[in-house]
Amino acid sequence: MDKHIEELLPFYALDVLTDEEQKLVEEYLAEHPEARQQVEEMSRSVSALPASVSPVEPPRRVKAELMARVASDAEGRARASSQSQPSRRVTRFENFFRTFGFTAAAVAAIWIIVLSIQVSRLQSEISNLNSRLAAQSESLDQIIANLPQTNQANVITVSLKGTEVQPQVQGQLIVDPDSQSAVLVISGLPQLEAGRTYQVWLINGGAPISAGLLKVDENGQGVFIVNSEESIGSFDNLGISVEPEGGSEQPTGDIVVLSEL
Amino acid sequence: MARNKNTTGISVRINSESSRLRAHNETVPERLSDEILVTQVAQGSSAALEALYDRYASTVLGISLKVIGDQASAEDVLQETFWRVWKSAVTYQPQRGSFTSWLFRIARNLAIDSYRRQTVRPQEVYMEDGSDSILEEMPDPGTDVAEQTQSILKNRQVRQALASLPRLQRQVIEMAYFYGMTRQEIAEATGEALGTIHTRARLAVQKLREELDREEFEG
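Chains G and A, in that order, give the protein sequences. Terminal number for the first sequence in the numbering used here: 261, no gaps in between. Terminal number for the second sequence in the numbering used here: 219, no gaps in between.
None of these hints come from the bench; they were simulated from the model. You may find that some hints are simply not true.
[To be verified] Derived lysine to any residue pairs resembling SDA-like cross-links, with alpha carbons at most 20 Å apart:
{"hint": "1", "chain 1": "A", "residue 1": "87", "chain 2": "A", "residue 2": "152"}
{"hint": "2", "chain 1": "G", "residue 1": "63", "chain 2": "A", "residue 2": "87"}
{"hint": "3", "chain 1": "G", "residue 1": "23", "chain 2": "A", "residue 2": "96"}
{"hint": "4", "chain 1": "A", "residue 1": "87", "chain 2": "G", "residue 2": "80"}
{"hint": "5", "chain 1": "A", "residue 1": "87", "chain 2": "G", "residue 2": "68"}
{"hint": "6", "chain 1": "A", "residue 1": "87", "chain 2": "G", "residue 2": "254"}
{"hint": "7", "chain 1": "G", "residue 1": "215", "chain 2": "G", "residue 2": "254"}
{"hint": "8", "chain 1": "G", "residue 1": "63", "chain 2": "A", "residue 2": "84"}
[Said to hold, decoys possible] Over the 12 Å line for every Cβ pair with chain A, so calculated as not near, a few chain G residues:
{"hint": "9", "residue": "6"}
{"hint": "10", "residue": "13"}
{"hint": "11", "residue": "23"}
{"hint": "12", "residue": "46"}
{"hint": "13", "residue": "48"}
{"hint": "14", "residue": "78"}
{"hint": "15", "residue": "118"}
{"hint": "16", "residue": "127"}
{"hint": "17", "residue": "131"}
{"hint": "18", "residue": "157"}
{"hint": "19", "residue": "177"}
{"hint": "20", "residue": "181"}
{"hint": "21", "residue": "220"}
{"hint": "22", "residue": "230"}
{"hint": "23", "residue": "233"}
[Claimed, not checked] Using C-beta positions, here's what the derived DEER-type ranges look like:
{"hint": "24", "chain 1": "G", "residue 1": "112", "chain 2": "A", "residue 2": "113", "range": "54 to 60 Å"}
{"hint": "25", "chain 1": "G", "residue 1": "116", "chain 2": "A", "residue 2": "93", "range": "44 to 50 Å"}
{"hint": "26", "chain 1": "A", "residue 1": "93", "chain 2": "G", "residue 2": "4", "range": "27 to 33 Å"}
{"hint": "27", "chain 1": "G", "residue 1": "59", "chain 2": "A", "residue 2": "189", "range": "31 to 37 Å"}
{"hint": "28", "chain 1": "G", "residue 1": "112", "chain 2": "A", "residue 2": "93", "range": "22 to 28 Å"}
{"hint": "29", "chain 1": "G", "residue 1": "23", "chain 2": "A", "residue 2": "97", "range": "18 to 24 Å"}
{"hint": "30", "chain 1": "G", "residue 1": "41", "chain 2": "A", "residue 2": "167", "range": "52 to 58 Å"}
{"hint": "31", "chain 1": "G", "residue 1": "65", "chain 2": "A", "residue 2": "113", "range": "18 to 24 Å"}
Please read these numbers as outputs of a predicted model, since none were measured by experiment. Built from N, CA and C at the ideal position, the CB exists for glycine as well.
Can you make the complete structure from the sequences, with help from the hints?
In structure tokens form, the structure reads like this:
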């Protein structure tokens, strides 16, 4: 224990240190629990000292003066509190009606209705956006869930491009070639008519193997987890075709994406 | 207010708390703890403040009078102490110590400030040998018999513990606690080396703890 600080401890308990000394002791106590315990014991002794003084009954006048002062203060608090109550707002509305008359008030009421409708529409849009955000979050969760399975040092990104059927399509495949899964992010795919679906293919030596069905949102974007029984790096190409609902054994419709891996 | 007299001739207030509270049209049970009462004060209950005043005003005045030595100034400090409680009750933190520690600290600091502004010498308000008679110790009616007895016993224990200290050690404690003198000021006032004051303070606080523990004092 620091001897200089130790000398200060009784005076700390007695609350007669200078500000500088007090700060010094408090910094020391924060790091030395044994000193803190010592000070707590000293403080318990010191806190008994008021009991060494004989009580002296005060004159009633002191209490009367104190309570009158307190009552006056409490009244002031109550007054201040009541001024900020809703009743004050009612008065303001009454003043408004008196000043501008019924017509102005009616116009104001119509504006309030119009604004309410606008607010309602905005709330509806917010609700839709929240739903979309939730869907995106779900996709991201799936991506994140798959990321730990990859060795980050080997991860590569393969660019995907649309064929002449859908040249606007762009995408990326994020993949560790040694792993059996990858993340496919795609955009520019138009939504399909009912009964049709996009299907993802992994192609090795001209033999396509289905990797699953791909859904895209109304903006033509989709995120897809590609899973395979073999490592992704063992395949030559990745393709996406349009197939009947439920998918096909082999590609049967338009090939919208075909890229080398 | 109903009163009777006990066999020692000391009047004791009966049912004073409940009648007083009824008069204020507020509900503060008689036996609420200090901590609950101070919480009610923080919420604006003047009846709770009055209950705390009734419990501790005589001790606060005793402390103030010991420090200042002047009745009128000590009464000012008493009123100001409870005014501070009224205004600052929201800042009281039970985890940092008991209400009485907080209250007496306010009183002591106000009294020391007042003392430093004046030149009136403090007066001794307890007997050094702790030999006060029971009648001298008995506070004026304001609390019930059980509280009075407990308070008297506690006062006697602390006085005896303090009186058991060697005079020079007790002097350091008193100069520091009751008159707010720093260790340098004490060394200067007593003409002793600072190291001597350090040793006396450490021994005094240590011995005080031992004495209070021996008497099983519960602060």
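Checklist line | Violated constraints from the hint list, given by number and in increasing order | finding: 1, 6, 9, 10, 12, 13, 14, 28, 30
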